[in-house]
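Engineer: What follows is the residue order along each chain.
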Amino acid sequence: MNSMEERDPDQEEPQTTDPNERIILIHPLAQGMVVIEGATSLESLLRDMGNKYGQPPASKASIEAMPRVEIGEDNKDGECAICLEEWESSAIVRKMTCKHRFHGNCVEKWLKIHGNCPVCRYEMPVDDEELGKKRDGGDEGREWRRTEREIWVSFAFNGNRRNGDSNENPSSDSADFSPSSPSATDYETES
Amino acid sequence: MIDFARVQKELQECSRDVEASGIKVAPKSDNLGRLTGTIPGPVGTPYEGGTFQIDITLPDGYPFEPPKMQFATKVWHPNISSQSGAICLDILKDQWSPALTLKTALLSVQALLSTPEPGDPQDAVVAQQYLRDYQTFVGTARYWTETFAKTSSLGVEEKVQKLVEMGFPEALARSALESVGGDENLALEKLCSG
Ligand SMILES: [Zn+2]
Ligand SMILES: [Zn+2]
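Protein sequence lines correspond, in order, to chains A and B. Here UniProt numbering is used: the first residue of the first sequence is 1, the next is one more, and so on. Here UniProt numbering is used: the first residue of the second sequence is 1, the next is one more, and so on.
Extracted from the complex, chain B is given alone in its bound form:
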């Protein structure tokens, strides 16, 4: 049985210092067993400027078992699968401790972005590239950040405006944007398809 009282406390604590840490955790539904974490790409790395979403599933034994975390945003990193987003990080496996929290675990994931460990890879292809051709690795990682981890710099109102200019009614544009989490390209797709 998940300790939901603790999860609630964690969410409160996390939202209190979201300004300082940049780390967000939000439930996907109201049962708190599935959440989405958000971490900013660390400054001075190829992930800088990106915002990375992480799917979190809490096992029944949480916090005595580690949360399951997986990148939902595609990322190019030796310890993260470029296909599935699976993360190779000891504290999410055998080195978990119940004194860790979703926030501290996400901070560790963020630290992993800064300090790849190609000797213990999750994605062998990325790790090989990292070791043999570091410059190309940096280029690819940066390109993936630009392509997959950067939401448009436009604010919501500007996005609505853009869609209205394309000829969609404002209310429809707004609800389409909301339903896809603010991504204007997805919103446009949605508007066009139905």
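With the rest of the complex left out, here is chain A:
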């Protein structure tokens, strides 16, 4: 990485593609490759990947800890945002930390899939044990995400430097990558 940083760009092989404009992700297990051209923000890419599988399920304890509240005459306006049934007074419902209320059945079903509030996305505590189990137990999705992150870091050094240099607006002056231009040197792998 350091040697790349110090190299004069003029001395690079002419067909080498600027890594700032083309990001290649390789999945070592599936031998799959993702080429992202014109990617301008490393951070946004990383953020997107982190969100790829949505919020993990809420912990059992946190679901059980949600208070049960009664719908009273003064607060019976509105509906359960999950089943769209209007509140009936004196019904017992569950109240999340963010104050949003849902039928117990409705919200528990959701929180076991994704641990956030359906209305405001307030995030519930995640069961660490569950997460660990999934990761070690070969949950492919998570494994894949972690691998991508590692590869990503290996590109970040180049990308950041060039970003700082001159490329404030890569979309307006991007080099042309015609299908014929890629060569072996483009396909950097994790090193």
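Because the hints were derived from the structure by calculation, they are not lab data. These figures come from a predicted structure and were not determined experimentally. Treat the hints loosely; a few may be bogus.
Looking from chain A toward chain B, a few residues come up when the C-beta cut is under 7 Å (computed) [said to hold, decoys possible]:
hint: 1; residue: P56
hint: 2; residue: M66
hint: 3; residue: A81
hint: 4; residue: L84
hint: 5; residue: W87
Every residue gets a Cβ at the ideal spot worked out from N, C-alpha and C, and that includes glycine.
Chain A is already provided as a structure; the job is to place chain B with the ligands on it using the hints.
Structural biologist: Only chain B with the ligands this time, still in chain A's reference frame:
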């Protein structure tokens, strides 16, 4: 199991404010698992004036799983496949919430038409064009809107009249138009073929 009671409520709510939102949702059959959404192209975009149909399939887990949505009308947009109509939109994937509805999801799709995100493309060719030659992109998108998303401005009666003038019996013309959803070209094809 799809929560059909909720889907029914959604359809009622949606038809109540169709005037304000311009968003329509109608079942394709009577099982409510397959529907068609309709959104007007946003004003001030290359999609303005177009009417876009979206195929909706509800998964068994709806509303705990997102509805599957895909453009049935061809559209030229970085985040929509120009081939299949597949939509790249986070709320239809990992950012779905059961508090969203078919209407709010369609509103998001409509918003996507206004604010393309070429950095997260569904159609790489369109995204490249958007980034490198914006004027050509706008031209192509507008042309596709004109070609694929504009139903004729003629009313039903005028269409029937047109077909009658071509020599088809009125009742036949009317039923042909109905069977193809009002598109006079398709109706003509149908009349000619059988
Ligand atoms: Zn409910
Ligand atoms: Zn909330």
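Engineer: Any of the earlier hints contradicted here, and which numbers?
Structural biologist: 1, 2, 5
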